[in-house]
Amino acid sequence: MTTTAPARHASNRSSVAADRFEGADQPRRLGKTTLDDRLSLAGAAFGSASLVWVLYYQMLPFAGVLGFLVCWYLAFLGFYVLLTAMSHPVPLVLDRLAQAVIAGGAAVVGLALVFTILYTFVRGWRPLVHLNFYTKDMGGVQPSDSLKRGGVLHAIAGTGIELGIAVAVSLPLGVVAAIYMSEVGGRFAKIVRTVVEAMTALPDLIAGLFVYTTLILALGLQRSGLAAAVALSITMLPIIARSAELALRVVPGGLREAGVALGATQWRTVWQVVLPTAAPGLATALILAIARAAGETAPLLIANGDSQYLNLNPTSNPMNSLPLFVYKAFKSGDPGYIQRGFGAASLLLVLVLSAFVILRLIARNPSGRSR
Amino acid sequence: MTATALPVSHNDDGPRRIRTLPHPTDRIFRGVSRGVGALVLVLTGAIGLFLAVQLIPVVHHYGFKYFTTQEWDVEGNRVGVAAAIFGSVEVALVALMVAFPLALTTALFITEYAPRRLKPLFVSMVDLMAAVPSIVYGLWGFYILQGQGLNVARWLAEWFSFIPLFKVDSDPHSAPFLKPQFTESAFIAGLVVAMMVIPLACAVMRGVFDQAPAGEREAALALGSTRWGVIQAVVLPFGRGGIIGGTMLGLGRALGETVAVLITLSQIDKINPHVLQNGGVTVSSLIADHFGDANRGVQLEALLAAGFVLFAMTLFVNTIAGIIVTRSRSGATTEI
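In the order they appear, the protein sequences are chains A and B.
Count the first sequence with the working numbering and you get residues 1 to 371, in order.
Count the second sequence with the working numbering and you get residues 372 to 707, in order.
Hints were generated in silico from the structure; no laboratory data involved.
Be careful, since some hints might not be right.
What the hints assert, rightly or not - Across the chosen pairs, the derived CB separations fall in these ranges:
1) A/D145 with B/P428: 45 to 53 Å
2) B/I534 with A/S87: 36 to 44 Å
3) A/G185 with B/I389: 12 to 20 Å
4) A/S87 with B/P644: 47 to 55 Å
Quick caveat, the model's predicted, so the values are computed rather than measured.
Heads up, the beta-carbon is just placed ideally off N, CA and C, and yes, glycines get one too.
Given only the sequences and the hints, what does the whole structure look like? Please build it.
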């Protein structure tokens, strides 16, 4: 205290300097905003909105909400830069500009996602409130009939059966492939990893074509739920393998070494140490893959015909499914049918969304660690 | 060589060579897992092979004009994939132009700006975006995006029609705005496909940005850098491989997207370089569109051969992307 005393008695100017010096010992505040930050943000947003509104709607012959938002955003960036440049050095101007651009881009993506989901529900909720939508098929129902008749039970059952078979095929294969890539390793594993990575983005349509050429043309199978399920499992396999490998890789290497040092074989270490530790990650991989596969339309279009009747046998006769139902509804152009299509699309979204709720629960409560 | 090699092998001071024979269970374990890994390879190879075999009768029947013909006219015996390949690349490039900046900013926002508590939520939102069925994006694009995109397309056509790409065969200045000329264009389809490219590219970029070394971040901050300074000096240079690889994976996805394109692009078997103008065709939409009425025989084989073209295109792009991403990622396991 005594050392700072002279500074206190000194002139106003130097006491400010001393305060600054004392402040230098405190950590820099990175996440917090100052009043200046907030006011210049709000000022730039308001000013640019007013200017663009006057120019866009009152003076120029433009129309369309999207155009207005784009112009507003661009004007906002200009205002924000000018406002900051009046009182701050160039690095800070650049920092604020970058933050505005990055947050803006992320906001566009978030809004687009939210709008997509909301729009589907807004157009599709009407059929969802009728119980028969879940318990009846479209057999003998005209698309233009009232929503109290007919439903999508055949599509729900088809999606469920196809997904079930696809999971039964692709989960064991995918996890073992992931174990191979992460636990066994070697040069060949690197090749496999590159190929798996490439297969992840392989068009779903190709899986359908492959199944068509092999199972249907070469082996003489019918276009059926089974063919569609095989196509789905081909699309799911790389997704499961890739995200399961990521889950296995974050298992601490020390745990593996501990297992082996205790005399366990590698197989035992993997089975009793690595897999239980990675269980939440593996569940994530599975749910992601199911969510992706549930919405695939293209392979079903090729490997599976659509039908209006409930068919629980995957080996014979075509089997409808939710995405296929949505597509056919859209193609029909009939308003009543399209509404049913949106209802089915909402169901698909519910399926995907609930998968993500389960994911969040798993992430919050990582059980399986102690088994 | 031999003279120097001899003493080394007889050197008793050197470390003992440790050779462990794996336990029999481990041998089975490794063998099985290697077998499954090989199965994945064989599967990919088989997909390519089975589709490639279809090329032989097609080229035999139509000749190499199959790759230069634009029409898909089975009765007229003029069948080719030139228009479809052009359209695929066109739609994919439009999608990338839109998706790349958005994916990059979203990834940067999640890693650098998002509050720590909300970060897992944002990450799973991106995953959710990847899992939303493409048909839902297609419907949304057809009914909503198209209405808004029309105005943008008209504006572009009005002011930039001197660039041949943005030309539309109608007078945008005319009082009755000819909407049908602007609907269901490659531009609209590209916008919709961008929705599917963004999460894929963003997830890869975010993964790489997250691994940017914390020490270097802190060093930059300690030197007085702003957040943008950290991004510019540490995150972006470190994540360059992820940015390129993620974008290319997105390109692969965009090339192969089927249903959303089928819904938002009106099918015309013709090279249409005017992105804002109605009509076009991509390889995948061509296949899906014609598959229903394809019987056995050369028409079906022509479609399957088009499938091979699609497979080759995407596999090429994806493999390069995969190599770039794998190389940019630090390979070791996490240590405690």
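Taking the hints in turn, this is what the structure says about them:
1. A/D145 with B/P428: 45 to 53 Å: 46 Å, holds
2. B/I534 with A/S87: 36 to 44 Å: Since B/I534 and A/S87 have Cβ atoms about 40 Å apart, the given range 36 to 44 Å holds.
3. A/G185 with B/I389: 12 to 20 Å: Holds, since A/G185 and B/I389 (Cβ atoms, about 18 Å apart) stay within the stated range.
4. A/S87 with B/P644: 47 to 55 Å: 49 Å, holds
Checked against the numbered hints given earlier, the structure satisfies every one of them.
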